[in-house]
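For the record, the sequence lines run as chains A and B.
One point on numbering: in our numbering, the residue at position 245 of the first sequence is 245, and numbering is uninterrupted.
One point on numbering: in our numbering, the residue at position 75 of the second sequence is 75, and numbering is uninterrupted.
Honestly, the hints are just simulated from the structure, not real lab data.
All of these numbers come straight from a predicted model, not from anything done at the bench.
The reader is advised that the hints may include incorrect statements.
To spell it out: a stretch of chain A is covered by chain B in this simulated footprint if at least three of its residues, at any positions, have a beta carbon under 8 Å from a beta carbon of chain B; those stretches are [stated by the list, open to error]:
1. 65-72
2. 94-105
Derived Cβ-Cβ restraints for the label pairs, each shown as a range [said to hold, decoys possible]:
3. B:Pro-181 - A:Arg-96: 38 to 44 Å
4. A:Ile-52 - B:Ala-217: 24 to 30 Å
5. B:His-245 - A:Ala-4: 54 to 60 Å
Idealized CB from N, CA, C, for every residue including glycine.
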Amino acid sequence: MTAASVREQFAETMRAVGREDPRLVVLVGDISHGILSGFREAFPERYYNVGILEPTMISAAAGLARVGWVPVVHTIAPFIVERGFEQIKIDFAYHRLGGNFVTVGGAFDYSNLGVTHHCYDDFALFKGLPNAEIVAPGSTAEFDLLFRQFYRSGHVTLYRIPGVQHGVPLEASAIVAGRAMLIRPGSDLTIIAAGPQLRSAVEAAPGLTAAGWDPEILYVHTVRPLDVEAVRASLAKTGRALIIEEHMESGGLGDDVMRAVRDAPVRTASLAIPDQFVTEYGTYDQHCERLGLTAAGVIARVASVFGAAPTRAVRA
Amino acid sequence: MTATVPNLELRRRIVNLVREGRDGHIPSAFSIVDILAVLYRGVLRVDPTRPDWDERDYFVLSKGHGCVALYAVLHERGFLSDEDLAGFCRQGGILGEHPDYTKVPGVEASTGSLGHGFPYATGIALGLRMDGRPNRVFSLVGDGECHEGTVWEAANLAANLQLGNLCVFVDWNRSGAQLLPIDDLPARWAAFGWTVQEVDGHDEAAIGAAIERVEFAPRGRPHVIVAHTVKGRGGGITEGHGKWHHRIPDDDEYAQIMGALA
Chain A
1 MTAASVREQF AETMRAVGRE DPRLVVLVGD ISHGILSGFR EAFPERYYNV GILEPTMISA
61 AAGLARVGWV PVVHTIAPFI VERGFEQIKI DFAYHRLGGN FVTVGGAFDY SNLGVTHHCY
121 DDFALFKGLP NAEIVAPGST AEFDLLFRQF YRSGHVTLYR IPGVQHGVPL EASAIVAGRA
181 MLIRPGSDLT IIAAGPQLRS AVEAAPGLTA AGWDPEILYV HTVRPLDVEA VRASLAKTGR
241 ALIIEEHMES GGLGDDVMRA VRDAPVRTAS LAIPDQFVTE YGTYDQHCER LGLTAAGVIA
301 RVASVFGAAP TRAVRA
Chain B
1 MTATVPNLEL RRRIVNLVRE GRDGHIPSAF SIVDILAVLY RGVLRVDPTR PDWDERDYFV
61 LSKGHGCVAL YAVLHERGFL SDEDLAGFCR QGGILGEHPD YTKVPGVEAS TGSLGHGFPY
121 ATGIALGLRM DGRPNRVFSL VGDGECHEGT VWEAANLAAN LQLGNLCVFV DWNRSGAQLL
181 PIDDLPARWA AFGWTVQEVD GHDEAAIGAA IERVEFAPRG RPHVIVAHTV KGRGGGITEG
241 HGKWHHRIPD DDEYAQIMGA LA
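So here's chain A without its partners, still in its complex pose (with noise of 0.2 Å):
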């Protein structure tokens, strides 16, 4: 992977998948047309810059799907989840059509531009829709992965391009549709992360050593179908588990991972967008520092939530 964004990776995939797939056919709404081109000047007659109506997008997308053509939906995140949602609940997922929605803006991502292009509700949204897959890819590798295991499933699937990148070197080979990542092992903590806050796990680890855990970290890529199994397994281990994850605390990851363990002895918190609006402006990472999605506000969470970690026994 050479691209320097997953946005920049999204057109590269575009351009990769589009020439393996005739059937491939892209929709924007008036962005990435630029980073687009190349897609564009290999296949004008499956690009289409249709300009800003985004419902009509979608179901033009799913008239598209009806007859045979594999279809991806590409903005700004709050135009195609939340404006065109009744669109992709009835013209695809009633209609039993597959279609791929490719958001970029997920979360705080614009984080100047107010709560009109934010969109933090996406995974709860999509969880409406029967065999909807989420997938909110952390990384290039991830996204050209994912978007070749997913975007023929005959599903809808939602890609949530983040703005910013984990960091964090994974194995291309276990990056696979539906199945967490085991990042780090661990005993008595699990650390549940999404999409970028991977990083912000990763980072939290040494300090939570330090304080005497033995943190597990598990990476989720694929927020549906969720990883049940990994998720049970994990917690069967160490018995608590900290979801953290750039959405909306209602409707996000966090619920499905409580979900799988409601039967469980276990506790469980999550560390998530507060249900409220984000209204201050500023940088990413400042909104970031503000909710506490750092590693700093991991530490933090688990203290307040886990209290002390557990005595060991010091092993020789």
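Take the given structure of chain A and dock chain B to it, following the hints.
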């Protein structure tokens, strides 16, 4: 407006469906049934034995609440059985008060939420053209449905994509004008770049002639036929706007309506 009311048998079937199923929109169905009868009897290339035939013409009923008319016509054309009709709005049946693509042979889209079917049909038209296929795409929207922004998004998109293989009927029964009286729909569609015809939506010969005049082409202006219609046309007491929009006739009303349709 033509003085005689055509398709009395289809209209009686619609009334019986609504009466027996205890649900449905009779006036909306009467408003469009003559257009659907013309389409399904002699215009659309469809095959009831192969609803998904690749070479068929597509018809998307965007104003889904008029579906009882579509059911009656699909039954006449052989897509639906007597048993299918008997299951209208009953548990285990395939026919509800809005048409369901996942259940009903011959129905191309699950509509009912207004402003979906026509944009969906726009995508079908584009997709067929991308494959170089000659199939034609028809849709029908209501004038009230033309309040929906997505109707004009799709009108804009289809004109700019030059979808000359797309023909839309507007059921202009003036429902929309009750609320938003500025409704010069022919001018509006023309301004969006469509070829525009106006026709008496209850005159089968005129409807057929209008369709004949449509010059379908892979690329070109999309086509709209604005049909002057009367809501509840032919049912006597069902005509016009008001309580009949979603009313089930009682015994006395049923007798009056069937008398008008005799």
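Verification of the hints:
Chain B is given as covering the segment 65-72 of chain A, and this holds because 5 residues of the stretch bring a CB closer than 8 Å to a CB of that chain, at least three being needed. A stretch counts as covered by a chain when three or more of its residues have a beta carbon under 8 Å from one of that chain; for the segment 94-105 of chain A and chain B the count is 3, and the coverage holds. Checked against the given bound of 38 to 44 Å, the beta carbons of Pro-181 of chain B and Arg-96 of chain A, roughly 41 Å apart, stay inside it. The hinted window of 24 to 30 Å between Ile-52 of chain A and Ala-217 of chain B holds, with their beta carbons roughly 28 Å apart.
The hinted window of 54 to 60 Å between His-245 of chain B and Ala-4 of chain A holds, with their beta carbons roughly 58 Å apart.
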